[in-house]
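S.K.: Chain by chain, the residues:
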Amino acid sequence: MTPVLDIRDLSVVYRGEGGDVRAVQNVNLSLNPGEVVGLAGESGSGKSTLAYGACRLLRPPALITSGSVRYAGRRGGASGAVDILAMDHDQLHKIRWRDISIVFQSAMNALNPVLRVQDQLLDVIHAHLKLPRGEAREKAASLLDLVGIPRQRLRSYPHELSGGMRQRVMIAMALAADPEIVIMDEPTTALDVVVQRDILAQIVELKQTLGFAILFITHDLSLLLELADRIAIMYAGQLLEVGTAEEIKREPAHPYTKGLLNSFPSLRGARRDLAGIPGSPPDLRDPAPGCPFIPRCGYAVPECKEVDMSLARVRGTTGPQHVTACPIVSLSSPESSQEGVLS
Amino acid sequence: MTDAASGDASVNNAAASGDLRSAAAARGPLTMEAVGLSKDFRLGRGAVLHAVTDVSFGLYKGAVVALVGESGSGKSTVARLLAGQERPTAGAITLDGKQVAIGTRRAFRHYKSEVQLVFQDPFASLNPVHNVGYHLARPVRLHQGPHVNVNNTVTALLEQVRLTPAAQFLPKYPHELSGGQRQRVSFARALAAQPTVLLADEPVSMLDVSIRLEMLNLLDDLRKRLALALLYITHDIASARYFADEVLVMYAGQIVERGPAEDITQQPAHPYTQLLIASAPDPDNLGSVLKSGNSAARAGAAATGPATAGCPFSTRCPLADDKCRRENPALHQLTATRAAACWRLSVAAPALAGGAPNL
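Here the protein sequences line up with chains G and V, keeping their order.
Counting with our numbering, you get residues 1 to 343 for the letters of the first sequence.
Counting with our numbering, you get residues 1 to 359 for the letters of the second sequence.
Pulled out of the complex, with its shape left as it was, chain G reads as follows (with noise of 0.2 Å):
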């Protein structure tokens, strides 16, 4: 399958006085068309300037300084593919949220708090759709009906919605020009569990009625095993390992994702011993050689210093494409003992 979304060695980093802060260093990512890729990483870890990077959203001091993101979507153009980072202005304008739209993280603070939500959802279809008013109007309803908000709710500002809500506006609003990728930046974080749930089961009832492709942006790895048909682990700007779900569940390669595995309390079945990941990432202003998990690292040896990071098949799989850009720890490896159990 010809990938819709094909990220190739991308990096971005932020300019500074003291030096360029690495925020993606040659990150390799691509999404299938109608796939539900998750993108896991604790805050600063680059998910979102991987993300927004791709779609060029970002702006100075930011700089992507490599890469490129091939979209090959159903208005990609005759050859089939375009490069994203290559485009000028007006070609950029077309494809951003027509074929590539962003659910962003605090609906709070994304949507506009003296506009009614129609005002809100008329302002992307004018954008984005050149339709007759009266259609447009038809159009933003018919949006909300999508996401299961009653029709007068477009009278409402969004003050007077419920963070759910206003949640599900926000993913209406994505899906006003039935684009081809969206990407989801934490788009149920600020949300209860009950709701949550609610919210990201309408998600992937949409994707199938519509058949859009997800990146699904968020620090819960739990999350994601129950949705993303594959998941990408970030860590300092870079990608630790990428696996189906089930791959990364059942036999995580590297020792982040073990670590990342270990960190969440589960409700159900025996009470397990949790061990969390002590310490914190490293500066990305002035990374140190080799694997940047290193200093929090139980399996870590002096080898691990001229580890090149890039991602290799996971020794010992059966699945073709679980990658981890670590070649010292096997399947096979003992558990590392880790400080601070919790039981």
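Any given hint could be a false lead.
[Claimed, not checked] Computed from the model, here is a short list of chain G residues facing chain V with C-beta under 8 Å:
1) G67
2) S68
3) R70
4) R197
5) L221
6) P265
7) G269
8) R271
9) L274
It should be emphasised that the hints constitute simulated quantities derived from the structure, not laboratory data.
This one's a predicted model, so the numbers in the text were calculated from it and none came from an experiment.
Cβ coordinates follow ideal geometry from the N, Cα and C atoms, glycine included.
Since the structure of chain G is provided, determine the placement of chain V on it from the hints.
M.R.: Here is chain V on its own, set in the frame of chain G:
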């Protein structure tokens, strides 16, 4: 509760005498107690919001009680009532057996040295223009009197929350710290008053998943070392399973279920608790209904708010009948340490409700 069936007769006798034991009581003596606590907020034009209604529970030395519920369920209002920042509309709070009366500033200051609150958002709860040293030195001076060596005490506090070397953190400003480090400063600031009760209002929900566990471990360690009576407020019932002794589930200002953490999470009785647990992300569920896009996954949709009459959950409850919509159920004791407020327990949790009368 595997032995629920055999113990039913005696359990119901206990219920009649109102003899519910807290699962946290095994850890230590009662430190703080809330009895029939209610708080109404006037909204103007005669409208009243019942934020908290008739909530009773105890906090015990060296034990963790978790208060679990969704946003708007009144969890934070309970914390603010216990912290003395709001006055209850009805009910009483006792601390070490004495009823709390905050009449004067002096009394309030004294109260604060016993009961401290940790806030959810470490980005908002520290003052951006003051450094870490200032944030800690002030409560030390205020609460520990003029005779302590402030520098040594502050250093010890930072070591207690594992911000070491302390000298390196003293001059730092909040923006120079990570979220986890900021929350550690908040913990240290609360401990500076040498409290006996710590109220932690969603202390980890703003932090990354990978850091949450470390923070909960730290809180747990502090609880043990300082014999704190801890109230842990959260919407994450999974963390309550690991961290708390007793869990109180709150919905629309009322406690709808309470009991030992493990029992509640493994065998929830109240339909709301069951919904909460069914909604939590389940990493073991790889073939989730979520992936298939099955609309059955949305059965618990929160399209409506709580009911104004009858059981507050009746508008969302799949089991609700006419009685539920008419009368609000009181907490009904199920075992020596468990209780739930539901008319339909015989359907919702038949194994637990066994001999429950009139259900």
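S.K.: Closer than 8 Å between Cβ atoms is the bar; does R271/G clear it against chain V? Give me holds or violated.
M.R.: Status holds, d = 7 Å.
S.K.: Go through the hint on L274/G and say holds or violated, using the shortest Cβ distance to chain V against 8 Å.
M.R.: holds (6 Å)
S.K.: Given R70/G was flagged as interface, is its beta-carbon under 8 Å from a beta-carbon of chain V?
M.R.: Because about 27 Å separates R70/G from the closest Cβ in chain V, which is outside the 8 Å limit, the hint is violated.
S.K.: Under 8 Å, Cβ to Cβ, is where S68/G needs to be relative to chain V, so tell me if that hint holds or is violated.
M.R.: At about 30 Å, which exceeds the 8 Å cut-off, the nearest Cβ of chain V leaves the hint on S68/G violated.
S.K.: Do the numbers back the hint for R197/G, that is, is its least Cβ distance to chain V under 8 Å?
M.R.: holds (4 Å)
S.K.: Grab the minimum C-beta distance from P265/G to chain V and call the hint holds if it beats 8 Å, violated otherwise.
M.R.: Status holds, d = 4 Å.
S.K.: Would the hint on G67/G stand, with a C-beta cut-off of 8 Å toward chain V?
M.R.: Not OK, violated: G67/G not within 8 Å of chain V, min 26 Å.
S.K.: Can you verify the interface hint for L221/G: is its Cβ closer than 8 Å to any Cβ in chain V?
M.R.: holds (7 Å)
S.K.: G269/G was flagged as interface toward chain V. Is the shortest Cβ-Cβ separation under 8 Å?
M.R.: holds (7 Å)
Against the hints set out earlier in the document, violations occur for numbers 1, 2, 3.
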